[in-house]
Amino acid sequence: MRADRGQAWTLDALLMAAVMVAGVVYAASVLPASTDQAANDDEIEAQLTQDARDILAVALETGTLHNATLYWNDSAGRWSDADATGVYTTLPPGHPLEPPVRSVFTDRGIAVNLEVGVGTTGGAETAHPLLLQGAPGSHAVSVAVPVVLTDVDYLSGTGVPISLNDSTTYFAPDAFPESPKYTVLRVRLTVWRH
Amino acid sequence: MSGRRRSLQDVPATGHADRGLASQLDFLTSMVIRIVVFGLLLTMGIAILHGEVATDLTNRVVAERAAARLADDLLVTTPGDALLNATCTRAFFARAATTCGVDPDWTSGSDDYPNAALAIDPVRTVNVTITDDAGAIASLSNTRLALGPRVPEQSPSLRRWHRQVALKVGDTLEWYRLTVTVWGRP
Numbered sequence: 054m055r056a057d058r059g060q061a062w063t064l065d066a067l068l069m070a071a072v073m074v075a076g077v078v079y080a081a082s083v084l085p086a087s088t089d090q091a092a093n094d095d096e097i098e099a100q101l102t103q104d105a106r107d108i109l110a111v112a113l114e115t116g117t118l119h120n121a122t123l124y125w126n127d128s129a130g131r132w133s134d135a136d137a138t139g140v141y142t143t144l145p146p147g148h149p150l151e152p153p154v155r156s157v158f159t160d161r162g163i164a165v166n167l168e169v170g171v172g173t174t175g176g177a178e179t180a181h182p183l184l185l186q187g188a189p190g191s192h193a194v195s196v197a198v199p200v201v202l203t204d205v206d207y208l209s210g211t212g213v214p215i216s217l218n219d220s221t222t223y224f225a226p227d228a229f230p231e232s233p234k235y236t237v238l239r240v241r242l243t244v245w246r247h
Numbered sequence: 005m006s007g008r009r010r011s012l013q014d015v016p017a018t019g020h021a022d023r024g025l026a027s028q029l030d031f032l033t034s035m036v037i038r039i040v041v042f043g044l045l046l047t048m049g050i051a052i053l054h055g056e057v058a059t060d061l062t063n064r065v066v067a068e069r070a071a072a073r074l075a076d077d078l079l080v081t082t083p084g085d086a087l088l089n090a091t092c093t094r095a096f097f098a099r100a101a102t103t104c105g106v107d108p109d110w111t112s113g114s115d116d117y118p119n120a121a122l123a124i125d126p127v128r129t130v131n132v133t134i135t136d137d138a139g140a141i142a143s144l145s146n147t148r149l150a151l152g153p154r155v156p157e158q159s160p161s162l163r164r165w166h167r168q169v170a171l172k173v174g175d176t177l178e179w180y181r182l183t184v185t186v187w188g189r190p
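Chains as they are written, first to last, in the working numbering: chain A, 54 to 247; chain B, 5 to 190.
Each hint should be verified, as a subset may be incorrect.
Here are a few chain A residues that face chain B, going by a calculated C-beta distance under 7 Å [stated by the list, open to error]: (1) M69; (2) M73; (3) V77; (4) D104; (5) A110; (6) V111; (7) D136; (8) P153; (9) S156.
It is worth saying that the hints were derived from the structure and are not from the lab.
Think of the CB as a built atom: it goes at the ideal place given N, C-alpha and C, for glycine as much as any other residue.
Construct the complete structure from the given sequences, taking the supplied hints into account.
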């Protein structure tokens with residue numbers, strides 16, 4: 054009887070030891086993969102955010118972003134060289150933002166959406182799409198900067214240059230009729246991996 | 005007075021209840037010990053693995069900060085500018101002291117360059133490059149914009165950080181990519 058009990062306890066101890074070792078091995082094999090994957094995803098998103106911030110910061114400082122918001126064909130009533138939808142799916146050669154968007158994002162398989170926000174009375178904002186390459190994925194990152202337009206700015210691109218004040222089709226109205234300032238747009242850049 | 009002599013058979017069977025209680029306490033104690041040991045083993049395993057991940061994350065933070073120090077301070081005219089200054093950029097890669105913020109003590113002749121300039125501890129190795137659209141190392145006035153040892157093909161602690169930068173060349177805006185690569189660990 055005592056021998057039977059001893060054998061039972063021994064088997065019990067061996068079984069529990071096997072369960073504990075199996076548990077540790079399983080945790081050791083699963084945990085680093087999930088930790089590394091999560092860290093890797095965070096790093097990719099952080100790098101994309103940095104890239105988007107850098108592009109907008111340089112474009113803002115050099116006037117490239119300002120020119121991009123004025124790349125408008127007044128006679129056609131849409132962005133210059135855009136198709137009938139009025140929205141780019143790829144920025145055309147000659148567009149102020151084409152070089153950085155292509156080399157930093159498109160050529161690396163990263164999708165881009167560019168939208169220009171126009172403030173409305175009441176504080177709301179209407180997004181006017183400039184470039185749309187799809188619906189942002191769950192890991193998309195977004196950065197926005199303000200761009201100030203003045204009454205003496207000229208619409209560029211194809212067609213005869215025309216001042217903002219004389220435009221009849223520009224999507225943003227004069228928000229400050231009594232001042233030289235025309236409006237403040239918010240340019241939002243959203244990027245994500247396909 | 006009749007009766008038989010009391011024998012052990014007449015002793016109440018309280019021994020079974022005691023043994024049952026002892027068995028339960030024994031089981032409880034052994035389960036507690038097993039759970040504690042299991043938890044300790046798991047925690048030790050996590051600590052060993054987490055240590056590896058933490059070091060790699062540290063190199064990433066180091067690379068990110070070094071890139072910020074370059075793109076936002078050492079290579080621009082005024083800290084916070086978005087455009088690179090050609091003179092400052094060339095001077096950094098040529099190890100020439102300038103007024104752009106590079107301390108003369110950090111430059112030529114110092115084995116700690118560019119670690120000292122980028123506030124990176126000497127046990128880590130750093131490589132800095134500026135590349136063009138095609139991925140080729142850029143040049144400014146015959147100065148190759150690359151600094152540091154060759155990046156190893158494989159290193160578990162290797163981490164990179166990029167910044168998109170630009171230089172005005174005449175009226176043209178030239179876009180580049182600044183890359184800081186850090187590997188090695190204390």
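Structure-based check of each hint:
1. M69: holds, 6 Å
2. M73: holds, 5 Å
3. V77: Holds. Min distance 5 Å.
4. D104: holds, 5 Å
5. A110: holds, 4 Å
6. V111: Result: holds, 4 Å to nearest chain B Cβ.
7. D136: Constraint on A:D136 not satisfied, violated at 26 Å.
8. P153: holds, 5 Å
9. S156: With Cβ-Cβ at 4 Å, under 7 Å, it holds.
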